[in-house]
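Engineer: Listed below are the residues making up each chain.
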Amino acid sequence: MPADVQADALPGSIADDFNTRGRDWYVDRAVSVGVFVGGVSAIIFIIGIFIFVTREGLGFALGTLDLKEFFTSMNWRPTSERNPTYGILALMAGTASVTGLAMLVAVPFSLGAAIYIAEFASGRMRESLKVLVELLAAIPSVVWGFIGMSIMNPLIIDMFDVPVGLSVLNAGVILGLMAAPIMTTIAEDALKAVPDAYREAAEAMGATRWQVVFKVVLPAAKNGLMAAVLLGVGRGFGETMAVLMASGHAINIPTSPFDSVRALTATIAAELGDTARGSDHYGVLFTLGIFLFVVTFVINLTADIVVKGVGKKQ
Amino acid sequence: MSMFARTTLDQQNRRVEWLVKTLFLMMTVLLIVPVVLIMGILIQRGAPVLSWGFLTEVPTNGMTAGGIFTALIGTVWIVTVALIASVPIGVAAAVYLSEYAPDNWLTRAINLAIINLAGVPSIVHALFGLGAFVVFFGFGRSILAASLTLAVMTLPIVIVATRESLQAVPHAFREACWNMGATRWQTIRKVVLPNSISGILTGVILEVSRTAGETAPIMFTGAAAFLPFLPQGVLDQTMAMSLHLYVVSTQVPDVPDALPFGVALVLISMVLVMNATSIAFRVYLRNKRKW
Amino acid sequence: MVDATPKLSVRELSVLYGDKVALDGISLDVLPNEIFGIIGPANSGKTSFLRALNRMEEFDTNMTVRGTILFEGQDISAVRNVYALRRKVGVVFPLPVGLPMSIYENVAFAPKLAGIKKKAQLDDIVERCLTRAALWDEVKDRLDALGSLLSGGQQQRLTIARALSQEPELLLLDEFSIAVDPVTTMRIEDVLKELKDEITIVLVTNLVQQARRLADRTAFFLESELVEVAETEELFTGTVKDQRTRDYVEGRFG
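Residue numbers (our numbering), protein chains in the order written: chain R, 1 to 314; chain V, 1 to 291; chain G, 1 to 254.
None of these hints come from the bench; they were simulated from the model. Remember, predicted model here, so these are calculated numbers, not experimental data. Possibly wrong hints are sitting among the right ones.
[As the list claims (entries may be wrong)] Below, simulated DSS-like cross-link-like pairs (lysine-lysine); rule was C-alpha separation at most 25 angstroms, straight line: (1) K308/R to K117/G; (2) K190/V to K288/V; (3) K68/R to K192/R; (4) K20/G to K190/V; (5) K117/G to K190/V; (6) K130/R to K288/V; (7) K21/V to K215/R; (8) K192/R to K21/V; (9) K290/V to K190/V; (10) K192/R to K190/V; (11) K140/G to K190/V; (12) K112/G to K290/V; (13) K21/V to K222/R; (14) K140/G to K290/V; (15) K112/G to K140/G; (16) K190/V to K118/G; (17) K20/G to K290/V; (18) K190/V to K130/R.
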């Protein structure tokens, strides 16, 4: 009899327990839904950016805009009363020249610095350099622009005896200094991701430190380093305030580093404030925004694919 | 003979080693020194205008005299509202990615979206803020619109920092809690978050620093070149430090030379102090492990 | 004992991680109040078996479980509140896990989850569980110290105290002595023998002799399969059917 009671009561109570979802269960569900919404918000925002920028620009881009002229004409005269033209070739040349020079400055130095920090510097030195690089990356772009105008500008005029110091050279160097810390950090991460076992194996075979770095570490980290450069390019391409302030902001296809130029991003920043919503000028600036969005999206996507390639191998 | 040969090879190797090392050190130094020099010039030329009055007085005479009080307070407004919007979303997203997300296409899409949010040019964020918050949602040019624009833009900073600090908590702790019958959320609240809160704070400080320095996204969404008064609420426009620096150095004639240097110095000090705090915090945490 | 309903009834249980089979169609029963030993070389599926009992696949999207597990006659895959199931099942891992909170909070964690709030009651549980896990005397003066900073052996006993604090009906131990010194191992083994009167224990061990000392019945797992289950003494006295079991028990491979 007691055995019967037990047999009935015990599984019964367990079944009740197992099948009752208490407050904790529901709280947990609610939280998981909440954080899911948070996670998905990143996607919503990126789509939102595309939609809202397109919404303001698409009407113009599909209606009034002559796409061939847009990409091939050097004439950017959106405010002309009689015959406004919307050619971004010169602006693209401006962006390309400044970004190109910036990469020329930043790539070797930041890769060199990353190699030194990751492979040669020891303990304390490494930590201090990393902190310093991180602080450099924090300087706001408007401050860089100001530095270009107020410090670099007179310096260039004096040094090279040119009439104007706001030029490809100025903006390129500024942009290079801006992009370098970020590229250094990403490149250093890529080098650190190379397993120590590789280095030890090479050293065990009698390779010296620099042989290890050149023959083993750099080839292994190749994709990560490429991604670092790509992200640097993306950064330079999208930079706005510093380029606006340091480049001279003149529509021009540059023939020398001392020419003033105008960048795509800077054009939007400089002109958007003077346009009326719905006007052609307003529309073309948003069209430029769509173009910038698409290009940076492709750059970031490429960098991501390049890095993921590394991930698979390891 | 062979002994001798090896010795010269060793010497040669050591010399190359030293050369390579020095070369890379020089590159590192060349990266850092110009910036340090520039900072020195900023301090040297900006310091003379710095005074208590510079911080607490409003700009006067068409911004050619007076202080930067309205811009400072405006930046505090913008940063605060941006944080209120982005920190909860960012932490939630990081918790999802670190604690819940399965390894599927959606998670990969979220990660890609985060990378892109960080990579989209700031001027495109500005266009988005204008099209979405100012026009579509009807907030007008206001602190709210500017802050939301910055919140979207800096969301990746909070997400990445938070996710990193959540993942620094060993997985074994989670399994131990689950095995005791704790729900995922109980585990997160009682074990994961308490042990990563400082890392999250580090990320938030970084976000503050970034938000305070951004210019392009607020130019057309809520920051004004000049306002003689302080904002009264989130639907007002405001001055901001970053835009103020742009305006006094490019848009206003007859500004005394030292004034923009002073503004730049204050702005950069704000940003660097916050970053340094964040770094110091991180180092302190690393030395104070609990397991 | 013979006619008792099994505590656990496992039928055709398979566990997969992605495409990799970790456990392939296991069937066995665990009886109430026995110590059920599981021996076998590394990667033979022992740990996967324990994880399946606790429905850990909920939190591991890579893990798939097939087959049925009845816990006191209840199909655990049909349990609507998996947390209630886990509270009935205590687990001790190979590597000790002291949570990064005070020793007291470590042990009071599960009771608090179960809704116990009174300080006196919690004090009582903490002392009782730490005593049972043979740790009380060493830590009673520093219950505020971090559980994660105790020595390995102490952390393992803390883990056992924590598993007991949730008043489980089934205690799963996964190679608990790996990170523990021999003296502590012996003390924990004594604790397990005492606990047997109240709860059912599944003991996964890499030490064949430990199974012999503690287990009433023992199962031998090999390459994701169950070779056989037998009274422990039969396994060691050579009356088992399968040559592989004999070879393993006698140390010819492992």
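Engineer: Hint by hint, say whether it matches the structure.
Structural biologist: Okay, the hints, checked on the actual structure:
1. K308/R to K117/G: violated, 49 angstroms
2. K190/V to K288/V: holds, 19 angstroms
3. K68/R to K192/R: Status violated; Cα separation ~46 angstroms.
4. K20/G to K190/V: At roughly 34 angstroms apart (the allowed maximum being 25 angstroms), K190/V and K20/G break the hint.
5. K117/G to K190/V: holds, 16 angstroms
6. K130/R to K288/V: The given pair, whose Cα atoms are some 20 angstroms apart, holds under the 25 angstroms limit.
7. K21/V to K215/R: holds, 15 angstroms
8. K192/R to K21/V: Given pair K192/R, K21/V holds - Cα atoms ~17 angstroms apart, limit 25 angstroms.
9. K290/V to K190/V: It holds: about 15 angstroms lies between the C-alpha atoms, which stays within 25 angstroms.
10. K192/R to K190/V: The given pair, whose Cα atoms are some 33 angstroms apart, is violated under the 25 angstroms limit.
11. K140/G to K190/V: holds, 23 angstroms
12. K112/G to K290/V: holds, 22 angstroms
13. K21/V to K222/R: Within the cut-off at roughly 20 angstroms; holds.
14. K140/G to K290/V: Holds: K140/G and K290/V sit about 21 angstroms apart, inside 25 angstroms.
15. K112/G to K140/G: Given pair K112/G, K140/G holds - Cα atoms ~20 angstroms apart, limit 25 angstroms.
16. K190/V to K118/G: holds, 19 angstroms
17. K20/G to K290/V: violated, 36 angstroms
18. K190/V to K130/R: Answer violated: K190/V to K130/R is near 33 angstroms, above 25 angstroms.
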